[in-house]
Amino acid sequence: MPELPEVETMVRGLESKINEGEIERVEVIDQKLLRNTDQRKFQQTMTGNKIRDISRKGKYLLLDLKKGGVLAIHPRMTGRFVVNSYPAETDYARLKIILGDEGTLVFDDMRRFGTLDLLPDEDSGPLKKLGLDPLSPDYKEENLARVLQSRSEIKRILLDQKKIAGIGNIYASEILFRATISPWKKGSDLEKGKIKKLFKAIPEVLQEAIEKEGTTISDFRNPEGDSGNFQLSLRVYGKEGEECPRCSGEVQKAKQGGRGTYFCPSCQGVKEEK
DNA sequence: AGTATAACCTGTCTGC
DNA sequence: TGCAGACAGGTTATAC
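Each residue of the first sequence is one higher than the one before, starting from 1 at the first, in this note's numbering.
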């Protein structure tokens, strides 16, 4: 579920609710969550520690621990954080971090795809494989142009976290619509002008979605339990059969890499029936 | 090298 | 109403 804007919304929500309180204890409800981490070591590291900082890298949410170490949590499809929840709000709790006075931080994840890694720092483990962050100072047109040098279809490149970190299936379609590029165009076939449009469209779409506090199709909630609002601004994702907001053509849906891709054939220059 | 498919899970929706 | 099958915001392994 969560892509970059949703994870960023989660980070901001947690920042406003979590101070630097001491972790009393942690409850691991779903053992599978710790598949990459030793249970004992996890308990020892967490107990008595403090959350110094909350941040994001790609789609990972990072809890920086005061006594060293970083918890890197990837929410995958249905992972989310809830603070001081009522039991009904966390039917699928996999981990509870009990912070005493500040309450309890719950990681809730219906489909149980989410992952947790206890890492020495923010440049190790799965984090070091992440590509360009579209909202970081490293995001420059020349860097984007470099990762686009591939025979892969552009939508696949946008979804490849090793190339660009944070874009998922909703925003990939929205970005390509905004940049008027066919999802099936090969990266290395993109003209200079299209690269420029794409370079602009990526952070614009993501930033607007952050301002609307993410997209809620069905599951996504911020740590207070609220839905996002960007679903009201989607222009092609989930709009199959509707009129294109730009050219009055018809939005279509097709499969690409086993996933739904939404596009306007006439303004994005998609020729064949996909 | 690039693409397709299945797998990991649980829930929801659609069509017969 | 029931039930099988498809599908869902993500990622990874394996097979052409």
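Please note: incorrect hints may appear among the correct ones.
[Claimed, not checked] Computed Cβ-Cβ distance ranges for the label pairs, DEER-style:
1) 44 to 84: 31 to 37 Å
2) 233 to 44: 44 to 50 Å
3) 53 to 128: 43 to 49 Å
4) 48 to 76: 28 to 34 Å
5) 43 to 111: 34 to 40 Å
6) 68 to 141: 34 to 40 Å
7) 76 to 253: 39 to 45 Å
8) 232 to 89: 20 to 26 Å
9) 126 to 31: 30 to 36 Å
10) 225 to 151: 41 to 47 Å
11) 21 to 259: 36 to 42 Å
[To be verified] Subject to a maximum C-alpha distance of 20 Å in a straight line, what follows is the list of computed PhoX-like cross-link-like pairs (lysine-lysine):
12) 186 to 197
13) 140 to 129
14) 140 to 212
15) 212 to 194
16) 185 to 200
17) 50 to 96
18) 163 to 129
19) 66 to 41
20) 239 to 186
21) 186 to 96
22) 163 to 196
23) 185 to 96
24) 41 to 67
25) 163 to 212
26) 50 to 66
27) 32 to 17
28) 185 to 67
29) 185 to 129
30) 192 to 212
31) 66 to 96
32) 96 to 17
33) 196 to 212
34) 67 to 140
35) 163 to 192
36) 185 to 163
37) 194 to 271
38) 129 to 162
39) 185 to 196
40) 140 to 96
In case anyone wonders, no lab produced these hints; they're calculated from the structure.
Just so it is clear, CB atoms sit at the ideal spot from N, CA and C, and this is done for glycine as well.
Results for each hint:
| no. | hint | in the structure |
| --- | --- | --- |
| 1 | 44 to 84: 31 to 37 Å | violated, 25 Å |
| 2 | 233 to 44: 44 to 50 Å | holds, 45 Å |
| 3 | 53 to 128: 43 to 49 Å | violated, 19 Å |
| 4 | 48 to 76: 28 to 34 Å | holds, 29 Å |
| 5 | 43 to 111: 34 to 40 Å | violated, 25 Å |
| 6 | 68 to 141: 34 to 40 Å | holds, 37 Å |
| 7 | 76 to 253: 39 to 45 Å | violated, 23 Å |
| 8 | 232 to 89: 20 to 26 Å | holds, 24 Å |
| 9 | 126 to 31: 30 to 36 Å | violated, 20 Å |
| 10 | 225 to 151: 41 to 47 Å | holds, 44 Å |
| 11 | 21 to 259: 36 to 42 Å | holds, 40 Å |
| 12 | 186 to 197 | holds, 16 Å |
| 13 | 140 to 129 | holds, 19 Å |
| 14 | 140 to 212 | violated, 25 Å |
| 15 | 212 to 194 | violated, 27 Å |
| 16 | 185 to 200 | holds, 18 Å |
| 17 | 50 to 96 | holds, 14 Å |
| 18 | 163 to 129 | holds, 9 Å |
| 19 | 66 to 41 | holds, 16 Å |
| 20 | 239 to 186 | violated, 24 Å |
| 21 | 186 to 96 | violated, 44 Å |
| 22 | 163 to 196 | holds, 17 Å |
| 23 | 185 to 96 | violated, 45 Å |
| 24 | 41 to 67 | holds, 13 Å |
| 25 | 163 to 212 | violated, 26 Å |
| 26 | 50 to 66 | holds, 5 Å |
| 27 | 32 to 17 | violated, 27 Å |
| 28 | 185 to 67 | violated, 48 Å |
| 29 | 185 to 129 | violated, 25 Å |
| 30 | 192 to 212 | violated, 31 Å |
| 31 | 66 to 96 | holds, 18 Å |
| 32 | 96 to 17 | holds, 15 Å |
| 33 | 196 to 212 | violated, 25 Å |
| 34 | 67 to 140 | violated, 35 Å |
| 35 | 163 to 192 | holds, 19 Å |
| 36 | 185 to 163 | holds, 17 Å |
| 37 | 194 to 271 | holds, 18 Å |
| 38 | 129 to 162 | holds, 6 Å |
| 39 | 185 to 196 | holds, 15 Å |
| 40 | 140 to 96 | violated, 39 Å |
Checked against the numbered hints listed earlier, the structure breaks hints 1, 3, 5, 7, 9, 14, 15, 20, 21, 23, 25, 27, 28, 29, 30, 33, 34 and 40; every other hint is satisfied.
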